[in-house]
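Undergrad: Take the given structure of chain A and dock chain B to it, following the hints.
From first to last, the protein sequence lines stand for chains A and B. Residue numbers for the first sequence follow the numbering used here, so the first one is 1 and each next one is one higher. Residue numbers for the second sequence follow the numbering used here, so the first one is 1 and each next one is one higher.
Worth flagging that the hints you see were computed from the coordinates, not collected in a lab. All of these numbers come straight from a predicted model, not from anything done at the bench. Even glycine gets a Cβ: it sits at the ideal position worked out from N, Cα and C. Some hints could be false.
To be verified - Quick look at which bits of chain A chain B covers, simulated, 3 or more residues with Cβ under 8 Å:
#, segment
1, 37-44
2, 122-134
3, 241-255
4, 299-306
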Amino acid sequence: MSSWRRIFPEWLSPYHLAVLAIGLGALHALPYLVALSPYDHNQMTLAFLFVAVALAWNWIGGFAGQVSFGHAAMFGVGGFVAARALQMQLFPFWVPWVIGGIAAGAYGLAWGHPTLRLRGPYFSIATIGVGEATRLVLTYWQDFTGGATGLNLPINAQLKYALYWYALYFLALVAIASYAIRNSRLGLGLLSIKSDVEAAADVGVPVVFCQDLVLFLSGAAVGIAGGIYASYFSFIEPSDMFGFDRSISFVLMAVIGGVGTVFGPGLGAVVFVLLRQFLIASYPQLYLGLYGLLLVLVVLFEPLGISGLIFRVARRLRTQRSAR
Amino acid sequence: MARGLELLLSAILLAGLYATMAYGLGLIYGVLRIVNLNHGGMIMTGAYLGWWLHERAGIDPYLSLPIVATVCFAIGALIYHGLVRYLPRGAAGGAQSLLLLFGVWLVLRNAAYLQFTGNDQVIRTEYSTMAVVVLGSALSVNRLIVFAIAALMLLGLHLLLTRTYLGKAIRAVAQNADSCTLVGVQVERIYALTFGIGTALAGMAGLLLGTLFSFNPTFGAVELLKSFVIVVLGGLGSVLGTALAALILAIVEVFAILLLPAYLTGAVGFVLLVLVLIFRPGGLFGHRVLG
Chain A
1 MSSWRRIFPE WLSPYHLAVL AIGLGALHAL PYLVALSPYD HNQMTLAFLF VAVALAWNWI
61 GGFAGQVSFG HAAMFGVGGF VAARALQMQL FPFWVPWVIG GIAAGAYGLA WGHPTLRLRG
121 PYFSIATIGV GEATRLVLTY WQDFTGGATG LNLPINAQLK YALYWYALYF LALVAIASYA
181 IRNSRLGLGL LSIKSDVEAA ADVGVPVVFC QDLVLFLSGA AVGIAGGIYA SYFSFIEPSD
241 MFGFDRSISF VLMAVIGGVG TVFGPGLGAV VFVLLRQFLI ASYPQLYLGL YGLLLVLVVL
301 FEPLGISGLI FRVARRLRTQ RSAR
Chain B
1 MARGLELLLS AILLAGLYAT MAYGLGLIYG VLRIVNLNHG GMIMTGAYLG WWLHERAGID
61 PYLSLPIVAT VCFAIGALIY HGLVRYLPRG AAGGAQSLLL LFGVWLVLRN AAYLQFTGND
121 QVIRTEYSTM AVVVLGSALS VNRLIVFAIA ALMLLGLHLL LTRTYLGKAI RAVAQNADSC
181 TLVGVQVERI YALTFGIGTA LAGMAGLLLG TLFSFNPTFG AVELLKSFVI VVLGGLGSVL
241 GTALAALILA IVEVFAILLL PAYLTGAVGF VLLVLVLIFR PGGLFGHRVL G
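Okay, chain A solo, but in the shape it has when bound (with noise of 0.2 Å):
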């Protein structure tokens, strides 16, 4: 065990690495080992986009507790500007996501900066007034986003199919970033600064920095994830991207999943994708209230959603097993 711990930093912990690397690999090989369906092998190539964007959302929302619900600005700038980027067909297609993720992160840092001083519910709101802004001068900036008509993207069929695999590498690394922000000094900052603002500036907790880099770090992640949204659908349309429903996703995945958690985020996606299937499929009427009274449920009973049910399920499991 004394190796083990001169191996990997004192954060890491090499049960948590094994079950990362296994759940990837496994997930990696699975076209292979599977004849998936074209619609199974979509479904959850998004599924991998939404829970790379749910554990990002997580980090300013959960971390730092700066519910924010105009991630979707970050998703549509992202979008926009790899699609544009993709459009000169310059670069290799990766290329593209990452400039559109940094376009995204820096937009976040810019009215991040000023607005992330409010905290609570007066940021929440102020998030609200960004997204919808930013959505309405988007649509209105025809010369970049098409304006309602959107863009077409170069994309074929054969990197379409590949998407599979880059959504989860990209999926990885969002992963991996989230464990790293959690376990290092910036991610004890945040929840720091999540508890108590005041007493972390008074401790020496730089507050503006640690939140503006997890910002930054947040809308980028987000913006590379709507890069490849757009390149999935070799589409990409304003109030798509834009839209007040996209961000409320963010958040009810989130919350569904448990806020504040490394990894519940990206469950409650996985549970938000699968649902919202059914839902549609279904009871496309009931959608939206059932999602509402998921909410007010998740609220009232389980503030750490499914996470919060797991935790609880693993304490009784080992009370009963310390009692025998």
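TA: Just chain B now, kept in the frame of chain A:
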């Protein structure tokens, strides 16, 4: 010049309605320390209730105000008793109350879709298109009546809060709930009443809005954000501050039409919201809203 005067008049008329709409949100925040994200949902509910009463029962929208107020008050008190009561308050409560009330809003929106479909509706009466000429510019009669009703409601609220025993209790609870418990004020009851009054105001504002603008189940989102701008700008506890803030918002919006393409005027409110939060989080007058 004549155009400017006309715009100013229409801004003032709009401001009356905005003030009523925002006061409900400010009252609930001031007393309960909760941002009622369901405010938008209640605005939508009020509009649909008025429309339904007018279409089905033939009740004039202005006469149905008390009915809408009663129903929305009941809904608000119910939401408080069933849900909000159990949540932590203030900044320490984090986003929980926000998320919960947003969930309630989604449920209401879905109910409206099921009941009334997603089509745009408007409350249309025989005087909807009538106009009178004031100072050389034509003003819609409907807008004038809405302004008068809104002003009366604000006056009533002011009197309720400053001249009655209940108003005194509400203000006392806003200042210090623990001391109120000590001197025998039933704090829980005041909370429920305040939440009810706040939602009733949202519902009535929704009904009045419904006589001026078309609405569908997503109606209320923009109005919620505008209300928030007004509450932050105007500070809490002062009807006058709210009215002035509403006037500022209405003037900025109306004059933006002169400068910006029509499509972007919708973004003005949002941009103003963010700017106000960044630069004047303490509001312009009255008590600070932000701790």
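Undergrad: Each hint: holds or not?
TA: Status of each hint after checking the structure:
1. 37-44: Result for this restraint: violated, n = 0.
2. 122-134: holds (count 9)
3. 241-255: holds (count 4)
4. 299-306: holds (count 3)
In the structure shown, a violation is registered for the earlier hint numbered 1 alone.
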